[in-house]
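K.L.:
Throw the hints in and build the complete structure from the sequences for me.
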Amino acid sequence: MKVKIGLSDFLAAAIVPCAPGNHVTEVDSGVLLKPCYFGITYPSLLLFNRKNNMNKLIKWLTIALFASLLSACGYNDFQAKDEATKAAWGEVVNQYQRRADLIPNLVNTVKGYASHERETFEAVTKARAAATSIQVTPEVLNDPQSLARFQQVQGELSSALARLMAISENYPQLKADTSFRDLQSQLEGTENRITVARQRYIAAVQDYNVLARSFPTNLTAKVFGYPVKPSFMVENEKAISTPPAVSFDK
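This note's numbering numbers the first residue of the sequence shown as 22 and each following residue consecutively.
No wet-lab data here; the hints were simulated from the structure.
Honestly, I wouldn't trust all of these hints.
[Said to hold, decoys possible] Per label pair, the in silico range of CB-to-CB distance:
| hint | residue 1 | residue 2 | range |
| --- | --- | --- | --- |
| 1 | Met75 | Gly246 | 30 to 40 Å |
| 2 | Tyr192 | Ala101 | 47 to 57 Å |
| 3 | Asn126 | Ser235 | 45 to 55 Å |
Think of the CB as a built atom: it goes at the ideal place given N, C-alpha and C, for glycine as much as any other residue.
P.N.:
If you want it as structure tokens, here you go:
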């Protein structure tokens, strides 16, 4: 004798009553039951396994399809290029900070030979304070006004430093000072690294923005929040590629 049970009944109870002596093989909906023992037929796990395996397969196929769609729409490229711009920006900030760290010793050295150049010293100190007071966060990269402000204060500091270095032309003993010349050398190296870091950042932003403006990746940018990034504003490319001159003439 066979006992037949539907899927709904199977799901409603973990075990199925049966009469002793029943021999159960296969029932509705593909559910397999083991033979009846002690008045109870125990459901096989086959159906559960089938359903679980199918659900897992559908889940992984859905994930794979979604990942393929994201890749085709440039999502992975956005992540990579966004990280590249952040890394390039980090190097820009590091080099500007290195320059700021050189200024106190430079000012003190110049003061030793030109203490009456108070106006110049105050201008450099004020410009340095303004440059280091800006909170450099990742949000700056997506905010044109914040980036413009950052560039403005760094430009003002560059101008103040240029005036400070020009003082040495009037003081031969200052130009011959070993500490001063060492600081000049460090400043020149830092200015060169700033130039390189800025160029790399501009290139990284350009590469990112091409993706953000192009179809169909521009749709991905809107959906996942990858806006076009601002870059350094300069009058011409030569202004970037040419660092401030640091003279060693005696």
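K.L.:
Hint by hint, say whether it matches the structure.
P.N.:
Tested hints:
no.: 1; hint: Met75 with Gly246: 30 to 40 Å; in the structure: holds (35 Å)
no.: 2; hint: Tyr192 with Ala101: 47 to 57 Å; in the structure: holds (51 Å)
no.: 3; hint: Asn126 with Ser235: 45 to 55 Å; in the structure: holds (48 Å)
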